[in-house]
Amino acid sequence: MPSEIDRLLRLVHAPKIEVPGPDPELERELLARLVGPSQRETSSSRWGWWGWLELRARLAVAVAAVLLVIVGACVLPTSYDVPLGLSVEISTHAELPHAEIAEFVRERGDASEVDVFVRRSEHAGTREQAETQMLIRMWDQDLAIGELEHQLREAFPDALRDATIVETPLEGEVETIWGRRIAHRAFHLSLREADLEQARAQLLAQLRAQGLTAEQVVVEVRDRPDGRREIKVEIEREASSDGELPELSLPLDELGPDARWVLDPHGGD
Amino acid sequence: MLRPRDPLARLARRAVSGDRRAFTRLYRDLHPLVARFVARRVDSRADAEELVAEVFRRVVEHLRDFDPARGCVRAWVLRIARNAVIDHYRTRKSPVALEAIADGLCELAGPLDHLLADERAARLRALLDGCPVETRRLLSLRYGDGLRHAEIAELLGLGEAVVRKRISRALRELRARSRNEDDAPEVSHAV
Numbered sequence: 001m002p003s004e005i006d007r008l009l010r011l012v013h014a015p016k017i018e019v020p021g022p023d024p025e026l027e028r029e030l031l032a033r034l035v036g037p038s039q040r041e042t043s044s045s046r047w048g049w050w051g052w053l054e055l056r057a058r059l060a061v062a063v064a065a066v067l068l069v070i071v072g073a074c075v076l077p078t079s080y081d082v083p084l085g086l087s088v089e090i091s092t093h094a095e096l097p098h099a100e101i102a103e104f105v106r107e108r109g110d111a112s113e114v115d116v117f118v119r120r121s122e123h124a125g126t127r128e129q130a131e132t133q134m135l136i137r138m139w140d141q142d143l144a145i146g147e148l149e150h151q152l153r154e155a156f157p158d159a160l161r162d163a164t165i166v167e168t169p170l171e172g173e174v175e176t177i178w179g180r181r182i183a184h185r186a187f188h189l190s191l192r193e194a195d196l197e198q199a200r201a202q203l204l205a206q207l208r209a210q211g212l213t214a215e216q217v218v219v220e221v222r223d224r225p226d227g228r229r230e231i232k233v234e235i236e237r238e239a240s241s242d243g244e245l246p247e248l249s250l251p252l253d254e255l256g257p258d259a260r261w262v263l264d265p266h267g268g269d
Numbered sequence: 001m002l003r004p005r006d007p008l009a010r011l012a013r014r015a016v017s018g019d020r021r022a023f024t025r026l027y028r029d030l031h032p033l034v035a036r037f038v039a040r041r042v043d044s045r046a047d048a049e050e051l052v053a054e055v056f057r058r059v060v061e062h063l064r065d066f067d068p069a070r071g072c073v074r075a076w077v078l079r080i081a082r083n084a085v086i087d088h089y090r091t092r093k094s095p096v097a098l099e100a101i102a103d104g105l106c107e108l109a110g111p112l113d114h115l116l117a118d119e120r121a122a123r124l125r126a127l128l129d130g131c132p133v134e135t136r137r138l139l140s141l142r143y144g145d146g147l148r149h150a151e152i153a154e155l156l157g158l159g160e161a162v163v164r165k166r167i168s169r170a171l172r173e174l175r176a177r178s179r180n181e182d183d184a185p186e187v188s189h190a191v
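Protein chains in written order, with this note's numbering: chain A, 1 to 269; chain B, 1 to 191.
These are computed hints drawn from the structure, not numbers from a lab. Worth double-checking, as some hints may not be accurate.
Below, computed lysine to aspartate or glutamate pairings styled on EDC-like, alpha-carbon distance capped at 20 Å [what the hints assert, rightly or not]:
#1 A:Lys16 x B:Glu50
#2 A:Lys16 x B:Asp129
#3 A:Lys16 x B:Glu119
#4 A:Lys16 x B:Asp65
#5 A:Lys16 x B:Glu181
#6 B:Lys165 x B:Glu119
#7 A:Lys16 x A:Asp6
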């Protein structure tokens with residue numbers, strides 16, 4: 001804040017006459033002196049030829065800089081969740097027509113790939129308490145949740161009368177760059193196959209870590225894109241408390257006449 | 001020593017290369033400085049307008065010679081204005097001391113004189129009259145022309161720190177002398 005002496009000093013030194021303001025006429029005269037008559041004529045269109053060139057050059061530099069920033073941002077890594085498919089888990093104490101259900105799901109044709117797992121938990125001597133779980137994984141990005149349960153119950157009313165059916169979406173994390181992420185979101189471009197495979201591999205690893213460690217029997221039915229079906233059976237026999245291995249009863253022939261059994265060499269016989 | 005970048009120097013360079021907008025901005029930025037500097041040193045508005053125009057004509061004439069390495073644009077223009085004022089009085093063959101006029105030390109009567117009727121301003125004027133010429137010159141450029149310390153330094157060929165110190169000391173002394181006068185009894189008491 002100016003002090004009293006500052007104020008007085010300004011007052012004492014103030015001009016004694018009115019200070020003249022800018023003079024447009026003088027400004028024009030000075031401009032004419034500065035740029036000269038030849039340039040005055042060429043710059044009648046405000047910018048002039050050189051000005052226009054300079055403007056274009058600056059614009060080009062600005063656009064290049066913006067593009068550089070955009071490209072730089074687009075190659076930055078990012079990750080986000082994408083739908084990969086649908087998981088349907090059917091649990092029942094009754095016998096399940098696995099092969100028919102697998103065939104039914106496959107023939108719906110709205111998934112590009114279908115995996116079927118069957119697990120039958122059976123304790124020695126208590127066959128009535130045995131529980132069958134069927135896990136169907138349908139791989140496709142555009143599968144609607146909540147439809148399959150209704151269709152399955154309609155197609156297999158007796159077998160699924162007491163069954164519990166749970167549908168859950170399968171989501172995986174795609175690790176990609178911002179450019180592809182924006183393109184995918186904004187323009188609905190399909191994801192790269194490699195990105196999808198990677199996301200699916202990660203998801204499968206998580207699923208295995210979560211739940212498929214204690215099963216006694218896993219039967220995997222996989223329909224390949226070439227139309228062939230591959231069935232893989234993994235049998236893990238857990239020893240009972242007295243050291244005896246439990247007896248296993250597998251309705252293998254229910255999987256259908258086309259089935260090709262592949263026994264896991266590491267499993268039991 | 002590193003100098004802060006002078007935005008007016010950039011405008012001057014562009015103006016020289018024919019950029020009309022740059023010159024317009026340069027003119028409008030410098031006009032208040034020049035107009036005030038001149039108006040404090042002449043006694044009529046007509047003279048002020050004529051001198052301001054003359055200063056800018058000289059600026060345009062020598063703009064290509066301006067060297068930013070040797071100083072800032074404002075100080076360069078003020079030197080031109082100072083010379084223009086000296087030339088103005090020289091052609092009039094006025095008996096006033098040209099240097100005193102150019103440095104704003106010579107008071108000219110005008111319509112604002114009534115402001116000095118303010119008792120405190122009048123007292124300050126008296127105190128200033130008792131100050132050395134160098135001090136009055138510094139205060140005149142600082143408070144009359146509104147120049148920055150660096151500009152005053154450049155104009156007078158002094159260091160910025162020297163200018164800052166001298167102005168600060170002058171203000172301190174003016175305050176002290178003003179306070180002493182306030183404390184002094186106005187009427188002697190006779191018994």
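*Could you tell me which of the hints above the structure violates, numbers in ascending order?*
Failing hints, ascending: 4, 5, 6.
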